[in-house]
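K.L.:
Sequence:
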Amino acid sequence: MPSATHNLLLLLLFIHRLISISTVGLSLPSQTLSAAVDFGATTHSLPLAVLRPSSPSDIASLIRSARLSSPPLPISARGHGHSINGQAGARGGIVVAMSGGGRRRMSPPVNSREFGKTYVDVWGGELWIDVLNWTLANGGLAPRSWTDYLYLSVGGTLSNAGISGQAFHYGPQISNVFELDVVTGKGELVTCSQDENSELFHAVLGGLGQFGIITRARIALEPAPERVRWIRVLYSNFSSFTRDQEQLISLHGQQRFDYIEGFVIVDEGLINNWRSSFFSPSNPVKISSIGGGGRVLYCLELTKNYHHTSADSIDEEVEGLLRELDFIPASVFTTDLPYVDFLDRVHKSELKLRAKGLWEVPHPWLNLFVPASRIEDFDRGVFRGILGNNTSGPILIYPMNQHRWDERSSVVLPEEEIFYLVGFLRSAVPGSDDRTKSLEYLSDQNRQILKFCESAGIDAKQYLPSHRGRSEWRRHFGPDKWETFQRRKAEFDPSCILGTGQGIFHPSSCPFTSSLLPS
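So in our numbering, spot 119 of the sequence shown is number 530, and the numbers just go up one at a time.
No lab work stands behind these hints: they were computed from the structure.
Treat the numbers as computed from the prediction; the structure is a model and nothing was measured.
You may find that some hints are simply not true.
In the DSSO-like style, the derived pairs of lysine-lysine whose C-alpha atoms are separated by at most 30 angstroms in a straight line are [what the hints assert, rightly or not]:
# : residue 1 : residue 2
1 : LYS759    : LYS862
2 : LYS848    : LYS872
3 : LYS763    : LYS848
4 : LYS848    : LYS862
5 : LYS892    : LYS862
6 : LYS872    : LYS862
7 : LYS767    : LYS848
8 : LYS597    : LYS862
9 : LYS892    : LYS872
Make the full structure from the sequences, and use the hints.
P.N.:
In structure tokens:
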């Protein structure tokens, strides 16, 4: 059996014959340590090499060469490295570094009157913060749907879904892309859309990197607002909190908020939370002052976008919308800021945490889609049960509408029109005397939450999923979705070399090398 080193030497020979190494930038193992660890910092997957492509053809040539190795070498695309369970890793294979290195490729925004679409074409490794700055500078435009953190790659979020508080209105980021260029697991560069090569288009969106590497995305744009009115209100009653959220996402037209998220407070309160930059030291939030008394509280976070020309009416619009909600009256906190500052709000917290050495720590995150019909059971069992009075990070909770998602994509959702994203975005603190901040404690708590959902019959689906073994993945997708998923895998990556860090398929045990598909 050929050794890993032998495979790498063969691959280097193939690459040298097909493309110019001097323009590609292929690192050797001594330079791959940073690609072995991701933001989750819980998994170490050392690749043989890292490819820094100068063009999509470099990636295509690499994949074709990797397939000729014996056995085929794993290939994974890595954007900003913000995955959490080694999902962008390629143990013993090649990581394709899509971000950085000054390889920016963005076209000027296009207003296509023929199709009624305004869009920008961007390189798959481009960060969303750079897309935003580019489109604002070139026409005052912006993408319609976001993630909370903008230092993520376009290809990375489109390979998962890309969600934030705008998803109730515009859908996830995968619902706001018109066209893709994809290098498949066969090493073919394919342009795809709703109308052209649509099977690949829908497979790749939310496809966890299993079917191809996104090298170009055509992103939907709209005129960007200038300012944002940002509001937070608190609830002590979970039923009122969810009822108000579900009412707000059903509103249409101008009389609605533009962003809706919530989060759960089970410990010392907002002022010590990483998202608490909303509040200034001169206006601290003391939970005890509004009757919290150690109980679980729920914060609803809302924004209303506006332009300077409509500033006179923003107060009246916001007050009218808030009058319909059942929050704690004394808990209204508002601020006003430029649109870009709101979208980039998490980065400010990142800089503070980096300064304290608390950013590059293990992040045992767990993200779930929970059906609305069971969200109160989830509250009783998890927020007011398993968590106790410690969080070690923010806990997000907000609803979305299933009809804003395309069921043909690879994303798995609960079978209800309204479902909630519940995100446990915790950080472990190595060396802390507080065991509730340890990686072991938080990871065990995640397992308890998943076990509770299973025992309670709550059909929660993992977002940014992490499962062990193909049987767990089959259960995650369900029979019909799983059949579609493996059929697409057989068509677009028959050697199973892409996205091996997800743990779904691997070239050494690829079921599609046989003429029979797995059951």
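K.L.:
Taking the numbered hints from earlier one at a time, note which ones the structure violates and give those numbers from smallest to largest.
P.N.:
1 and 8
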